[in-house]
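Visitor: Chains as they are written, first to last, in this note's numbering: chain A, 14 to 303; chain B, 2 to 191.
For the record, the hints were derived by calculation from the structure and aren't laboratory data.
Note that the coordinates shown come from a computational prediction; the quantities given were computed from them, not determined experimentally.
Every residue, glycine too, gets a C-beta built ideally from N, C-alpha and C.
Among these hints, one or two may not hold up.
[Said to hold, decoys possible] Cut-off 30 angstroms, straight-line C-alpha distance, at most; resulting in silico cross-link-like pairs (DSSO-like, lysine-lysine):
1) LYS17(A) with LYS48(B)
2) LYS218(A) with LYS248(A)
3) LYS61(B) with LYS248(A)
4) LYS148(B) with LYS218(A)
5) LYS202(A) with LYS181(B)
6) LYS148(B) with LYS181(B)
7) LYS248(A) with LYS148(B)
[What the hints assert, rightly or not] These stretches of chain B come out as covered by chain A in the derived footprint (C-beta under 8 angstroms, 3 or more residues):
8) 118-129
9) 139-153
[What the hints assert, rightly or not] Counterexamples of contact, computed for chain B against chain A with all Cβ distances above 10 angstroms:
10) GLY17
11) GLU23
12) SER74
13) LYS91
14) GLN135
15) TYR170
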Amino acid sequence: MMNKQQDIELIEQYLDNQLNEPDLMAFQSRLATDAELRALVDLQRQVQAELANAAQIKLLNTLHDIVQSPFEVPTLQKETPTKPGLGWWIPGVSILIVVAYLFYSALQPAVQQPQLQPEAVPKTDAQPAEQVPTQTPKSEIPAQVPKTTEPIAALNPADFQPNRILDPLVGSQVRGGGAIEASFTQPAKSLNLTPQNGRISFLVKGNASADDKPEKDALQLLLFSNRDADFLNNKPIQKFPLSLLSIGNAYRFSKTIDQNLKPGLYYLVLVEKNSIEPLAVQKITVNLSK
Amino acid sequence: MAELRDQHYIEAIKIGDRVVLETIYQTMMPSLLRLIKPTGGSIDDAKDLFQDAIVLIFKKIQQPDFTLTSAFSSYFYGICRNLWANHLKKKSSGHVTFGEDTKYNFVTDGDWHELEEQTTRTRIFYRAFRQLGQDCQQLLQLFFQQKTMEEIMQEMQLGSYDYARRRKYLCKGKLTELMKNDPAYQELSR
Chain A
14 MMNKQQDIEL IEQYLDNQLN EPDLMAFQSR LATDAELRAL VDLQRQVQAE
64 LANAAQIKLL NTLHDIVQSP FEVPTLQKET PTKPGLGWWI PGVSILIVVA
114 YLFYSALQPA VQQPQLQPEA VPKTDAQPAE QVPTQTPKSE IPAQVPKTTE
164 PIAALNPADF QPNRILDPLV GSQVRGGGAI EASFTQPAKS LNLTPQNGRI
214 SFLVKGNASA DDKPEKDALQ LLLFSNRDAD FLNNKPIQKF PLSLLSIGNA
264 YRFSKTIDQN LKPGLYYLVL VEKNSIEPLA VQKITVNLSK
Chain B
2 MAELRDQHYI EAIKIGDRVV LETIYQTMMP SLLRLIKPTG GSIDDAKDLF
52 QDAIVLIFKK IQQPDFTLTS AFSSYFYGIC RNLWANHLKK KSSGHVTFGE
102 DTKYNFVTDG DWHELEEQTT RTRIFYRAFR QLGQDCQQLL QLFFQQKTME
152 EIMQEMQLGS YDYARRRKYL CKGKLTELMK NDPAYQELSR
C-alpha cells in the first residue's frame, strides 16, 4: 500500500509517460481493479491541464476579483407609473373580496364545495403546461383566478399562478442599452380575454429603437405559459415573427394573434431574433369560453 | 457596430481583459438577477452564474469552428438560462426545498453537456486552488507552465531540486484532496 504522496508521484510519472515497462505494467494492473486510483488519475490529469492553461487561470483570477466588487441591485422602471397613493387599495380590496367570499361560503352549508378536477379543463391544441402539478408551486405572487359564473371545477388555479421570472417584468423597460430596445404599446396593460368559440384574438403593437438600422425581422414575439420551467427551458407555446416598419428613426411593429388557448395566465415576451432575453413582457389572462 | 462590439467581448474573454469583463459584468448582472432572484437565487448565485458562463464561453471559443451567431448579450443570457435551469433541476431532484414541481429539462444541442461539466470541474479546481497558500499556487503554476527547474528554483528561491520536487507533490496532494472534498465533485462522481 503506497502513501498519498507516492501515489501522486507515480500518477504524474504515468501521465507524463515516464514509467519504465515493469512499473507501467504494475500500475496498469492496479488501475484495472482500483476505482479510487482511476478517479485520482482522472483528477490529476484535470489538475495538470488546468494548471497548464495560463490564460484560463488569468481569466479565473480576474473574474474572482471582479465579483468581489460591490454590486447594486437595480430596480425596474415601470413604463406606466401607477397613480401615487392608489397602490395599496388594489390588494386590499382583493383581500376583502376573498374574505367576503369565504364568509359567504361558510354560511351556505347546503352548497357542495366543488372539487378541483384537472380533468375538467377543456383540452385545446395549445397546452400551456407539461403536467398539471400535484402541488401548488410556491410563489410570493398569489394566483388570481378570474371570477366566473361557471363551476370553479373547470379552472385549475395552477394555470393562473404567476410566472415568477416573467411576472415582475410585466410593463417594465426590461433591457436598456442593448442593440435593440422595444416595448409594447398595445396591449398597454395586462389583457383579460374571453375566447369566442375557443379562440382568442387580439392585436399586439409596439415600438423599437436601435443603434444601427435593424433587420426587418430583428424582433420576435414569444407566447409563454405561466410555468417557470417553460420559460427557463425555452419552450414557448408559439413564436410569432414580427416585421419592423421604419418610421423616421423609429420602428414599429404590429401583429394580430389568433390562438386557441385554454383558460390560464400567459405571457407575451418580446425578444430579438435568435435570442431568449426579454426586451419587454406583457401578460394575458384567458377566461373560460362563453 | 454591434457586431464589432460583440466580437470585442469574445476577444476580451479570450485574453482575460479586465476592463471589458467588468463592463460585461455590470451590463449583464441586472438580467441575471431578474432571471434567478424570483426562483430563489441570491446575488452570490448570480455572481457564480456570471463566472461559470464566462468560463464556459472561454472553453467554447477555443474550438476552431466557434462563431457567434447572435448578439453577445443574447448568447450570454441563453447560457446563463441553461445553467440556471440545470441548477434548479438538480436542486428540485433532491429533497423538497424547491416548490416547483415542473421538470427543468433544458434543451440544448451539440456539446453543451460536456462544456457544462468541464466548467463545473474548472470551478471545483479553482475553488480548491484558491484555498492553497500563495507559494503553493505559484509553484504549481510554474511547474505546469513549461518553466525549467532552474527558473522555478530561482523564482521561488528554493534551495534544491529535491526540495522543489517534494514541495510540488505536497501542494498537488493538498489540491487534489481539497477537490475531492468539494460537494460538487462528489455530486459529479455519483
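Visitor: Could you work out which earlier hints the structure fails to respect and list their numbers in ascending sequence?
Guide: The structure breaks hints 1, 4, 5, 7, 10, 11, 12, 15; every other hint is satisfied.
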